[in-house]
Amino acid sequence: MYTISKTFSILAPISSLALGHASHLFAGSDDGSLRVYDLSTDKVVKAIRNLNGEVSSIICVKRTGSELRDAWVAHGSMISKFKLDSSKMIQMLDDALGTISVGETEDDLVNQVCSIPHLELSVRLTWLCRSKLSLNGNKSHLVFGLDSGIIGIIDLTSGSLIKLKQKHESICSSVQFIGDRAKELVSTGYDTSVRHIDFTKDELLSETKMDATLAEGGVSFSPPFIIAAAISPTGVLAVGTADGRLCIFFGGEKHPSKKKSKKWGGLNREEMLALKVAEGPIVALAFSQPNVVAVNAQSGAVVTYEPRILTISTMLGVIMQYELIYDSQANNGRAILKQLWQGNVTSIEKVNTILVDEKRIVVGGLKMDGKGVIEVWSWKQPEQQQEQDSLSGNGSAEQEQG
Numbered sequence: 079m080y081t082i083s084k085t086f087s088i089l090a091p092i093s094s095l096a097l098g099h100a101s102h103l104f105a106g107s108d109d110g111s112l113r114v115y116d117l118s119t120d121k122v123v124k125a126i127r128n129l130n131g132e133v134s135s136i137i138c139v140k141r142t143g144s145e146l147r148d149a150w151v152a153h154g155s156m157i158s159k160f161k162l163d164s165s166k167m168i169q170m171l172d173d174a175l176g177t178i179s180v181g182e183t184e185d186d187l188v189n190q191v192c193s194i195p196h197l198e199l200s201v202r203l204t205w206l207c208r209s210k211l212s213l214n215g216n217k218s219h220l221v222f223g224l225d226s227g228i229i230g231i232i233d234l235t236s237g238s239l240i241k242l243k244q245k246h247e248s249i250c251s252s253v254q255f256i257g258d259r260a261k262e263l264v265s266t267g268y269d270t271s272v273r274h275i276d277f278t279k280d281e282l283l284s285e286t287k288m289d290a291t292l293a294e295g296g297v298s299f300s301p302p303f304i305i306a307a308a309i310s311p312t313g314v315l316a317v318g319t320a321d322g323r324l325c326i327f328f329g330g331e332k333h334p335s336k337k338k339s340k341k342w343g344g345l346n347r348e349e350m351l352a353l354k355v356a357e358g359p360i361v362a363l364a365f366s367q368p369n370v371v372a373v374n375a376q377s378g379a380v381v382t383y384e385p386r387i388l389t390i391s392t393m394l395g396v397i398m399q400y401e402l403i404y405d406s407q408a409n410n411g412r413a414i415l416k417q418l419w420q421g422n423v424t425s426i427e428k429v430n431t432i433l434v435d436e437k438r439i440v441v442g443g444l445k446m447d448g449k450g451v452i453e454v455w456s457w458k459q460p461e462q463q464q465e466q467d468s469l470s471g472n473g474s475a476e477q478e479q480g
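For what it's worth, my numbering labels the leading residue of the sequence shown as 79, then goes sequentially.
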């Protein structure tokens with residue numbers, strides 16, 4: 079189970095989170111500031127101020143010989159790279175190693191970025207950029223989506239910009255490359271569609287749409303806009319909608335025992351699970367795949383496997399974690415969504431972002447007074463929690479207090 083281990087309060091709402099070194103938490107705010115917390119001491123060890131706008135995304139990049147990661151930071155209409163391992167405690171925009179301007183007005187905002195190996199381009203985009211950016215496996219191309227529905231590709235070698243003819247009819251909310259398929263991407267939009275595209279050919283390979291009718295019966299009162307999406311390293315795609323639906327696509331999952339298929343079948347609806355799991359919008363999704371050691375009940379053999387773990391958060395802070403169970407040859411080919419844990423944020427009025435690894439869930443957003451807050455939820459085995467409760471005067475010790 080997860081319990082809150084730390085809470086940090088900040089003057090401005092939290093808009094983005096990233097983990098650097100195991101003990102370093104990078105937190106961006108909508109006032110153009112970034113803080114690096116050392117979770118072992120709960121202190122701010124580095125900061126960046128007076129950026130061009132809301133820090134909408136942070137990507138940490140390992141620097142040889144340093145525990146402090148470099149950071150690619152999306153702020154307002156710009157993307158900058160900072161070396162945090164410097165003599166300065168607080169850096170400004172002028173201290174950046176390099177900056178890319180990706181918008182011509184202050185309203186041309188970037189949502190999220192993925193790491194870019196070299197800063198060798200200066201591309202100016204004239205559309206509003208809301209969806210997250212993604213870097214392909216070859217680290218050769220960067221993809222982005224815009225409010226106009228346009229999907230764009232930046233060649234990081236030449237700096238050239240390509241606008242695909244394949245586009246969404248409304249806001250492109252997410253666009254990501256698919257694992258080791260360097261030429262293929264999957265995008266989602268407020269037009270309720272999920273699209274699989276080969277960007278080298280500007281070709282739509284497959285597409286599906288979220289239905290207005292719920293699988294459980296009835297009609298949703300909110301349009302099934304796709305707000306959040308995540309893709310696992312093995313090719314499982316998860317999308318969350320404005321009406322609280324969670325859709326899992328298993329068709330493109332890569333298996334060690336199988337050869338890589340010529341075409342990614344991730345949007346095959348015959349291998350899709352769709353359930354309404356929340357009453358409000360699902361605003362964030364994250365996969366984690368810890369190694370689990372188990373004993374086979376029949377043979378007694380010790381085996382290691384990687385369960386598909388998905389953590390989601392609603393806008394109002396209901397956090398749910400699931401194991402995704404699916405084998406096309408078992409359970410009549412039926413997928414199972416097994417809930418592992420559920421919790422509610424305690425001090426966050428509106429969730430903006432979550433971050434998940436094998437040990438913790440980090441949630442960022444704003445409080446009722448409009449200020450920022452971060453909650454760090456740490457994993458504890460049930461026996462660890464019972465021991466802690468006993469030492470703190472809870473659990474079985476409550477009888478003595480009475």
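These are computed hints drawn from the structure, not numbers from a lab. In this text, all values refer to a predicted model and were calculated from it rather than measured experimentally. Where a beta carbon is used, it is the ideal one built from N, C-alpha and C, also for glycine. Check the hints yourself; a few may be wrong.
As the list claims (entries may be wrong) - The following label-pair restraints were derived from C-beta to C-beta distances:
| no. | residue 1 | residue 2 | range |
| --- | --- | --- | --- |
| 1 | Leu415 | Lys341 | 36 to 42 Å |
| 2 | Lys84 | Ala125 | 14 to 20 Å |
| 3 | Glu348 | Leu418 | 23 to 29 Å |
| 4 | Glu384 | Glu281 | 29 to 35 Å |
| 5 | Leu415 | Lys458 | 19 to 25 Å |
| 6 | Asp172 | Ala290 | 47 to 53 Å |
| 7 | Asn128 | Glu247 | 36 to 42 Å |
| 8 | Ile240 | Pro301 | 26 to 32 Å |
| 9 | Lys261 | Thr312 | 34 to 40 Å |
What the hints assert, rightly or not - Below are the DSS-like pairs computed for lysine-lysine, each with C-alpha atoms no more than 27 Å apart in a straight line:
| no. | residue 1 | residue 2 |
| --- | --- | --- |
| 10 | Lys241 | Lys287 |
| 11 | Lys449 | Lys416 |
| 12 | Lys458 | Lys416 |
| 13 | Lys243 | Lys279 |
| 14 | Lys161 | Lys217 |
| 15 | Lys340 | Lys241 |
| 16 | Lys84 | Lys428 |
| 17 | Lys437 | Lys140 |
| 18 | Lys217 | Lys140 |
| 19 | Lys338 | Lys354 |
| 20 | Lys140 | Lys243 |
| 21 | Lys161 | Lys287 |
| 22 | Lys341 | Lys261 |
Hint check:
1. Checked against the hint of 36 to 42 Å, the pair Leu415 and Lys341 fails, with Cβ atoms roughly 26 Å apart.
2. Distance hint for Lys84 and Ala125: a CB-CB separation of about 18 Å, consistent with the stated range 14 to 20 Å.
3. Between Glu348 and Leu418 the beta carbons are some 26 Å apart, a value that agrees with the proposed interval 23 to 29 Å.
4. About 32 Å separates the C-beta atoms of Glu384 and Glu281, a value consistent with the hinted range of 29 to 35 Å.
5. Range check, Leu415 to Lys458: Cβ separation about 24 Å, and the 19 to 25 Å hint holds.
6. A beta carbon spacing of about 50 Å between Asp172 and Ala290 agrees with the range 47 to 53 Å that was offered as a hint.
7. Between Asn128 and Glu247, the C-beta spacing of about 38 Å keeps the proposed range 36 to 42 Å intact.
8. In this structure the supplied range 26 to 32 Å holds for Ile240 paired with Pro301, their Cβ-Cβ distance being about 30 Å.
9. A hinted range of 34 to 40 Å for the beta carbons of Lys261 and Thr312 is inconsistent with their spacing of about 18 Å.
10. About 23 Å separates the Cα atoms of Lys241 and Lys287, which keeps this hinted pair within 27 Å; it holds.
11. Restraint check for Lys449 and Lys416: not satisfied, since their Cα atoms lie roughly 35 Å apart, outside the 27 Å limit.
12. Of the supplied pair hints, the one linking Lys458 and Lys416 holds, its CA atoms being roughly 19 Å apart against a limit of 27 Å.
13. Distance check on the hinted pair: Lys243 and Lys279 sit about 10 Å apart at the alpha-carbon level, within 27 Å; holds.
14. The suggested pairing of Lys161 with Lys217 holds, with an alpha-carbon distance near 20 Å, which does not exceed 27 Å.
15. At most 27 Å may separate the alpha-carbon atoms for a hinted pair to count; Lys340 and Lys241 meet this at roughly 25 Å.
16. Under the criterion of a C-alpha separation no larger than 27 Å, the hint pairing Lys84 with Lys428 is consistent with the structure, at around 18 Å.
17. A C-alpha spacing of about 20 Å is found between Lys437 and Lys140, which places the hinted pair at or below 27 Å, so the restraint holds.
18. A threshold of 27 Å between alpha carbons decides the hint, and for Lys217 with Lys140 the separation of about 15 Å falls inside it, so the pair holds.
19. A hinted pair counts as satisfied when its Cα atoms are at most 27 Å apart, and Lys338 with Lys354 does not qualify at roughly 32 Å.
20. Our distance criterion of 27 Å between C-alpha atoms is broken by Lys140 and Lys243, whose separation comes to about 36 Å.
21. Restraint check for Lys161 and Lys287: not satisfied, since their Cα atoms lie roughly 42 Å apart, outside the 27 Å limit.
22. Of the pairs offered as hints, the one joining Lys341 and Lys261 holds, with about 11 Å between alpha carbons and a cut-off of 27 Å not exceeded.
Comparing the model with each earlier hint shows violations of hints 1, 9, 11, 19, 20, 21; every other hint is respected.
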